[in-house]
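Single-letter residue listing:
Number of protein chains: 2
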Amino acid sequence: MIQTPYLATDGIVKIFDESGSFQGIVLIERKNEPRGIALPGGFVEIGERVEEGCRREMREEIGLEVEIEGLLGVYSDPKRDPRFHVVSVVFVARAYAPPVGGDDAKRAFIVPLEEIPWRELLFDHATILQDFLGARGIKSCWR
Amino acid sequence: MIQTPYLATDGIVKIFDESGSFQGIVLIERKNEPRGIALPGGFVEIGERVEEGCRREMREEIGLEVEIEGLLGVYSDPKRDPRFHVVSVVFVARAYAPPVGGDDAKRAFIVPLEEIPWRELLFDHATILQDFLGARGIKSCWR
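So the protein sequences, as listed, match chains C and D. Numbered per our numbering, the first sequence finishes at 160, counting up by one with no gaps. Numbered per our numbering, the second sequence finishes at 160, counting up by one with no gaps.
Think of the hints as simulated: they come from the structure by calculation, not from any bench.
Treat identical chains as interchangeable: a pair holds within one or across any two.
Cut-off 20 Å, straight-line C-alpha distance, at most; resulting in silico cross-link-like pairs (EDC-like, lysine to aspartate or glutamate):
| id | residue 1 | residue 2 |
| --- | --- | --- |
| 1 | K96 | E69 |
| 2 | K96 | E65 |
| 3 | K48 | E137 |
Bound-form chain C, shown alone (with noise of 0.2 Å):
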């Protein structure tokens, strides 16, 4: 019996406004355990793409129809979730509403890049965040 790691996906969602000035990017509130503040998110579905269930998830977790840009990289630490080892596969991508919690998610809200709450990132998403920020542009980057 094949055995592999839970395989989720998060999304870094840059919000723009009606005039296209960017606002931020979208973090939540989650509901369940572990609480506390991520980026919104979930697991892949056996049956549909990665990039699939990215927009999914966006969907039920913070109400957006979002548009992907390109893959930020593969998070595959086997410490990174405290329950199990779930790899994660993280898309840029960008929406031009503000969101609106649900699933998961208690609240969304959009955060300014300058105001990011580094110490209450949850899993590896302050690292997440950190490659992000140093790889705008969107290059490939692993770890």
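Start from chain C and add chain D according to the hints.
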């Protein structure tokens, strides 16, 4: 119970000779079903990072210690593997010795880029190699 697609990793391994000149990439002839020509790779194990899984698979299947250069992309079409839904994280790597087939590889061989046997390639490995040829220098790509 959480169910997600299986997670695998494949390697595009560039082989260089002692003088540093590029010889080609490594392909294998599979020992097990589905049979045919493919990139070396295999399932990621619980507890290992995907790049560790890639290096382990290259050791087991083509007998090489490879140096990973970067991520090519994440391939997740549910129909890419005829058996079940397998998502593959594909890395580009390099090595400085000839490959030796082992494990799931009946044989391993070096193929110059002009001689890739496109029609014999299994899974979506022709797509992956087209992306590699298009993305040289290793930029991000996903499908």
